[in-house]
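A.B. asks: The residues making up each chain are set out below.
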Amino acid sequence: MAIEIEQPCVELSNVAVSETHGEDSPYFAGWKAYDENPYDELTNPSGVIQMGLAENQVSFDMVEKYLEQHPEASTWGKGAPGWFRENALFQDYHGLKSFRTAMASFMQQIRGGRAKFDPDRVVLTAGATAANELLTFILANPGDALLVPTPYYPGFDRDLCWRTGVKIIPIHCDSSNNFQITPKALEAAYQQAVSTYTKVRAVLITNPSNPLGATIQRSVLEDILEFVTRKNIHLVSDEIYSGSAFSADEFVSVAEILEARDYKDAERVHIVYSLSKDLGLPGFRVGTIYSYNDRVVTTARRMSSFTLISSQTQHLLATMLSDEEFTENYIKTNRERLRKRYEMIIDGLTSSGIECLKGNAGLFCWMNLSPLLEKPTREGELELWNPILHEVRLNISPGSSCHCSEPGWFRVCFANMSEQTLEVALDRIRNFMHERASVNRSLFSNR
Amino acid sequence: MGLGNYQSRRLLSRMAVNDKHGENSPYFDGWKAYDRDPFHPTNNLHGVIQMGLAENQLCFDLIQEWMKNHPEASICTPEGLNHFRDVAIFQDYHGLPKFRKGVANFMSKVRGGRVKFDEDRVVMSGGATGANEVIMFCLANPGDAFLIPTPYYPAYARDLCWRTGVQIVPVHTDSSNNFQITREALETAYIRAQQDNLNVKGLLITNPSNPLGTTLERDTMKSLISFINEKNIHLVCDEIYAATVFNKPSFVSVSEIIQDVDFVYNKDLIHIVYSLSKDMGFPGFRVGIVYSYNDSVVSCARKMSSFGLVSSHSQHMLASMLSDDDFVNKFLAESSRRLATRHSLFTEGLEKMGVTCLPSNAGLFCWMNLRSLLKEQTVEGEIKLWRVIVNEVKLNISPGSSFSCSEAGWFRVCFANMDDETVKVALRRIKAFVGKEAEKAKNVIQRRSINGLRIISSSSSSKRFDESWVMSPHSTHVMSPHSPIPHSPLVKVT
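Protein sequence lines correspond, in order, to chains A and B. Residue 404 in my numbering is what sits at position 404 of the first sequence, and the numbering runs on without skipping anything. Residue 46 in my numbering is what sits at position 46 of the second sequence, and the numbering runs on without skipping anything.
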């Protein structure tokens, strides 16, 4: 063995030693508990049920059926001679034209044709994780800020801030108006930046929202557009859950509003999308940036060199998503199944005396356990979360991990398991609530 | 629509509006010429032949055969469909365990089994492009510097610097010793960086070298490790061409050196960047690897890999392929053999017409010496010659200046991204061109000797022609590919 010498440690970069990747947060204790004792219907029925993972597992059968019936999607080992070679060599950062066209068409279908997408504005990235970071690099300098409504996806702290050096300033939302974004809250966040001499570069919204599981109303989107135009900043709309709205009419994309006003001021708007949620393919790393700004498209495309989508995956999905019969049926069926799951979990929670925010999209619901808190504080919330994780054995996500300013809310995922498992989870919640009720009845309000 | 150009620029970050993406360099004119008029053996015999693309296209038949025989490795075939959902939802940044094992196994075989790689140190990234950038993010702060021997891969300027804010400090090499890296050159670069108040965080080498096509000798590698140990800076070895070695001397990876008994080093300073893009010819699948001997770097790079994971679809297929020892052994041996044959075909063809290349034993290209054809031994002279080669000879080759080469007149010429017939077409064109240039040179000499009898005072114009231009290509003395590669001067220094 070579002799290793003891040297004073050579410093790594500031980015490397910072904690902005966010993985040391208590939130991940839940994941740890699951990893150590994962639920399995047959082999470990008393294990921890994973309800902290926003995955869509309700519609795989449709994709599998498609692949069975369409072997040309893969042309594995057969197909036109040289097909494999061409595909394996393809590393053009424009991406396969057929794939971009298919993505544009899919995004259009999800919006019921109310917005058109130009394939030449579709920039491909390896997942929405990369898309959000890339856009931040393009729109903001280190030290600048993005305004993000709370509660928000915990991964944004890493995706938007870690390597970019950009800050998130929260736009505070609360239950008094169902967590909707208000002009007052937007202005307050902006002023907070001003008071710390921080330059605001963009507002970033997630629509439908994670973790709320609700779409943003048209009037609110218009308010936001008016705000960003007035402040001369960008708007990034992460529409990763757009295909998971329970009904086609419920979701209004910023793209529709722009098209309706003939793309006035559209250059400041950029949409992030991915197939991780709507198609349930997070492993394939398929993200896109759709920008109405030519310069952003060009620059994003160049930067996508660091994070291209495997050409093998592009080819497979290009075939599948170009099949409009398949996509129309998929979108419709997927929506219905998610809605059914949502109704199932809401019914179960309601019968246990638990209320949720009225949701209409996504793979989760936003559960209100604030009546159960000993203290209406973050600590109080974590104190409630602990027994849910370790005794009830459900890994749900505390609102504080989503930067919610109101303690007591929890995100509960319902689409990453079978119906049977969901029933087991609901039973456990029911039992938990009964036990607590019998301990202290006065905690419940009559509604 | 809407925002004016100035306003539009102001609304984007500094990174978005600067030129560090590198695409405005004249180098891309060659690509444009190719895109406008691409060669095709039947449809466009007079088009531009793409010799600027370092792709390995020699062994696809082997891979296609394997795929035909292993339908279970795909998640789309009837045989493999049962894996579909597990693979489709797998986004754990550790990567599929079987994939990491397959990569570690492959990397080991590429090094003749002389090294064992730990699959828990294998970290994914978006191609080597992503891997190089991630390593910079881990090791250096904005404004810090990395030493890089010239000539080097042009896109390093983008990959290492654009979003990271890191600066490249070149370590100059030249043909006086076959472009080998000397201790002196390293020290000079290091001192220069310090004088410029730059904080040097490491040295990055490409081994085998792009564009030289040579591998580092064992002693050179040892001396580089000593250098970085002394300065307490990192060493990043981009070994992306490791399996393209086709001749002796055999490849010596940094991973082998650090296994040597009695060799003193700090393992936390050693990092390898790898990819399947060149060795296997899969640039489209975006398989980049960061392999570090530093636990903190492994941990950090793994977290960062979220920004550039390898598609689980591709991981699954490659896990099977790379774990198939018989296939891997056969593939590596055959790939090497075909590269050797292709290299000979090309370089021997060149030699016959008096064009020489740096003696090389690896890579998908050769480093061609056209110094004798330059009108001026300057970058401008090189670019002028290059434009003629692109536009008239219709070969997109890459000028040495795009690789930051400090010596004008060298060109990288790729030969593994085409079939034998196309190579022969390229050789015929080069022969015709060289012949024409020789004629021109002869005529100039004849005219000069006639004029010389009449001119009383020496004119300034005759002084512009230096020796190398007047000599015909046939008499240019450069190392032939058959000369032994000289010992590294660094042997004596350490």
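Check the hints yourself; a few may be wrong.
[As the list claims (entries may be wrong)] The following label-pair restraints were derived from C-beta to C-beta distances:
id	chain 1	residue 1	chain 2	residue 2	range
1	B	Thr-188	A	Gln-57	58 to 66 Å
2	A	His-94	B	Val-379	24 to 32 Å
3	A	His-70	B	Lys-68	57 to 65 Å
[Said to hold, decoys possible] Far from chain B, by Cβ distances over 12 Å, these chain A residues were calculated:
id	residue
4	Ala-130
5	Asn-132
6	Leu-134
7	Arg-295
Derived from the structure by calculation, the hints contain no laboratory data. Note that beta-carbon positions come from the ideal geometry of N, C-alpha and C, so glycine has one too.
A.B. asks: Okay, Thr-188/B versus Gln-57/A on CB: inside 58 to 66 Å?
C.D. replies: Given a distance of about 60 Å, which is inside 58 to 66 Å, the answer is holds.
A.B. asks: Once the closest CB in chain B is found, is it more than 12 Å from Asn-132/A?
C.D. replies: Asn-132/A is in fact no farther than 12 Å from some Cβ atom of chain B, at 10 Å.
A.B. asks: Does the no-contact call for Arg-295/A survive, Cβ to all of chain B over 12 Å?
C.D. replies: Violated, since 6 Å does not exceed 12 Å.
A.B. asks: Run the C-beta distances from Leu-134/A to all of chain B and say if the shortest one exceeds 12 Å.
C.D. replies: For Leu-134/A, whose nearest Cβ neighbour in chain B is about 8 Å away, the distance does not exceed 12 Å, so it is violated.
A.B. asks: Is the nearest CB of chain B more than 12 Å from the CB of Ala-130/A?
C.D. replies: Non-interface label fails for Ala-130/A: nearest chain B Cβ at 5 Å, not farther than 12 Å.
A.B. asks: Looking only at beta-carbon atoms, does the pair His-94/A, Val-379/B fall within the given range of 24 to 32 Å?
C.D. replies: holds (31 Å)
A.B. asks: Using the C-beta atoms of His-70/A and Lys-68/B, is the stated range 57 to 65 Å upheld?
C.D. replies: violated (19 Å)
Hint violations for this structure: numbers 3, 4, 5, 6 and 7, all remaining hints satisfied.
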